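Peer 1: The listed protein sequences derive, respectively, from chains A and B.
My numbering puts the first residue of the first sequence at 1, with every later residue one more than the last.
My numbering puts the first residue of the second sequence at 1001, with every later residue one more than the last.
Each hint should be verified, as a subset may be incorrect.
Estimated spans, in silico, between C-beta atoms of each pair [claimed, not checked]: (1) B/Ala1172 - A/Glu371: 45 to 51 Å; (2) B/Arg1013 - A/Asp302: 35 to 41 Å; (3) B/Thr1004 - A/Glu414: 51 to 57 Å; (4) A/Lys418 - B/Arg1145: 49 to 55 Å; (5) A/Gly380 - B/Arg1013: 51 to 57 Å.
Here are some of the chain A residues that sit facing chain B, going by a computed Cβ distance under 8 Å [to be verified]: (6) Leu17; (7) Gly19; (8) Ala44; (9) Leu46; (10) Gln49; (11) Val51; (12) Arg53; (13) Ala57; (14) Met67; (15) Leu173; (16) Arg205; (17) Met351; (18) Arg434; (19) Ser436.
FYI, nobody ran anything at the bench for these hints, they're computed from the structure.
These numbers were taken from a predicted model, which means no experiment stands behind them.
All C-beta atoms in this analysis are idealised placements derived from N, C-alpha and C, irrespective of residue type, glycine included.
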Amino acid sequence: MNCIECRDNLIACIEGLLGDEESSQCQAHLETCAACRAEYASFAKLQQQLVARGQAAADVSIVEPVMRRVRAVPGEPQRNTIMSILLKHRWGLGLGATAGAVAIIIVAALFTAPKIQAAAVEVMTKGAEAAAKLTTIHIRGQLRTAPNENFSYIDPDLDFVPVELWKQFGPELKWRVDKPGRLAVMDGQSTVLFIKPDFATKVGRSSSAFDTQWLHEMADVSQTLNNELSASKTHGWPVTLAQEQGTDGKPKSVVTVEASTGVLTGDYLKNKFFSTADTRRVYVFDDQSQLLESVKIYLHADSGEKLVFELDQIDYNQPIEAGVFQLQVPATVAWQQEMQMLPDNAKYAAMTSEQAARAFFEACGREDWNEAGKFCTMTGTIKDYLGGLEVINIGDSFTSSLSLISGARFVPYEIKLKNGEVKKWNLALKKDGRTSRWYVDGGI
Amino acid sequence: MDLTDKEYVQRCRDGHPDDFRLLVHRYQGPLFSYLTGRLRDRSRAEDAAQESFVRAFQSLSKLRKPEFFYSWLLGIARRVALEQFRSLKRRQQDREIAETMMADSPDSDADYSLDEAIAVLPETYRQVILLRYYEELSCQEVAQRLEMPLGTVTKTLSRAYALLRQELQARAGADRTINQKEHP
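All chains, please: the whole structure from these sequences, using the hints.
Peer 2: Okay, here's the thing in structure tokens:
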């Protein structure tokens, strides 16, 4: 290979796209040619920077928050209305004033919405202002879900499990979300998810990783109320106000929001997560302090309305012990590893999601953990559960309305476990960008 | 097949505002990366990215050359970041943070000049870079997504690398010239 051929192939070489022979020829030329070697090093450095940037931004997902805000404001050319002026100077007003500014905007916009009571808007607006300058928050409640499931997973047929969030705002942002089967901690440097008893994964500093977004939104009270009002206006959700006496004998304002997400009936993920659920949200504010005191969320399921989440304790600006943001996971956990290129990677990259599901389950059936590990981080718990299984059926894969963003495909499966139990469910699979291989993202 | 920025902008203007989500999806990673370089704080960068997209949506009708949507978005983000600096400076309790954020470290320009270089790439090259590194697709998947042969993807990527390096060198040269003029 000469210099021209080598330089034509440099990127393919860096990307690992050359065949064995071409790759060897390219490497051999690089060893003998300083100019091409310098060119290679220059591109390789650029590639490292690009990869690092992509990885750093990998867990950023602002599509929904942006679209909520976009739907709440007119998409016309900017005019010098009070709304546009406030938005324009939002940062200039300072963060403390931001909630107030946004609240004013929303009040102005909402008075035209037919189903929204102005008095309810006023209560929520004051609630947002009262909680605008948070340094810390600790919220505690209970959710109908499975202890080990995703943090935003809801199932009206399950019992309540406790769920708790601690958050320290500002430049020293730290947070912890805890429920019996899994917890996530961001200690200011990195974010760790620990699924009990033996799985853990780690990403960089994050404001809301591992499906904790909805709890963070709940903890950011001003933002939550702001979002509720914006969404109510956009989608025409009814918002009503009632007055009642609290258990402490003090007068309370109760704002109810009837929310519909627009996810179609029949969508696989409909009503399984807060972002896809039709719910009635009940916010209780103390009339004296104007602070939000409790929240109840009822799911509009096929079987009728059912309470699925209850937030009954909110501690504003109370000191949080440093130990809350420290997490020691057991030494025996299986840490999720980045997927590596396999010697026979092309075979796996060519699989359909159905083929990948079958290959994974069949490997579990044979207790071939090396093979199964190509699709999933195999913990002791998963090995115990799936080892020796028998595949009964693998169906055709399907997607949900969220797949455009998440990239997940769901493969229906029916397996017979070694204890004789038959399990019929859907395996969630995603494709790894670097290796092009399917990996198991849930549904075991 | 994915639409171009120009086509998405046009669809938003033609009464399909929900298509804006596809532009947010396409550029949330690079914009966040750019703002992290500017603001040195992920949380603030995320807020600023949201704000930038919302402002972009509100001003979409003013965008004269929709094919330059991302360059234009970066301009908005630059102003949002600047407003954050000024706001932080005004707030006594955050003065220290603002000073840290504004301090010129030796690599501060390099932190976001690559993002700006990506923004001025012709769209074909930029799209391949974004899919490959920000959506973390393999070259084969990029080829499938863009419905082009793998060889074309590799060639496009090669050209994109060359253009990026050229742009970065031009920026570095301009910076050196400015610094020499300011500090003879």
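Peer 1: Now look at each hint and say whether the structure bears it out.
Peer 2: Each hint tested on the structure:
1. B/Ala1172 - A/Glu371: 45 to 51 Å: Between alanine 1172 of chain B and glutamate 371 of chain A, where Cβ atoms are some 49 Å apart, the hint holds.
2. B/Arg1013 - A/Asp302: 35 to 41 Å: Because 40 Å falls inside the window, the suggested range holds.
3. B/Thr1004 - A/Glu414: 51 to 57 Å: 44 Å Cβ-Cβ, so the 51 to 57 Å window is violated.
4. A/Lys418 - B/Arg1145: 49 to 55 Å: violated, 41 Å
5. A/Gly380 - B/Arg1013: 51 to 57 Å: 56 Å Cβ-Cβ, so the 51 to 57 Å window holds.
6. Leu17: holds, 6 Å
7. Gly19: violated, 12 Å
8. Ala44: Violated: closest Cβ of chain B sits about 10 Å from alanine 44 of chain A, beyond 8 Å.
9. Leu46: Cβ of leucine 46 of chain A sits 6 Å from chain B, so the hint holds.
10. Gln49: Hint on glutamine 49 of chain A: holds, closest Cβ of chain B at ~6 Å, below 8 Å.
11. Val51: Nearest chain B Cβ about 6 Å off; hint holds.
12. Arg53: For arginine 53 of chain A, the interface hint holds, since the closest Cβ of chain B sits about 4 Å away, which is under 8 Å.
13. Ala57: At about 4 Å, which falls below the 8 Å cut-off, the nearest Cβ of chain B leaves the hint on alanine 57 of chain A intact, so it holds.
14. Met67: Holds - the Cβ of methionine 67 of chain A comes within 8 Å of chain B, reaching about 5 Å at its closest.
15. Leu173: holds, 5 Å
16. Arg205: holds, 5 Å
17. Met351: violated, 13 Å
18. Arg434: This interface hint holds because 6 Å falls under the 8 Å limit.
19. Ser436: holds, 4 Å
Violated hints for the displayed structure, listed by number in ascending order: 3, 4, 7, 8, 17.
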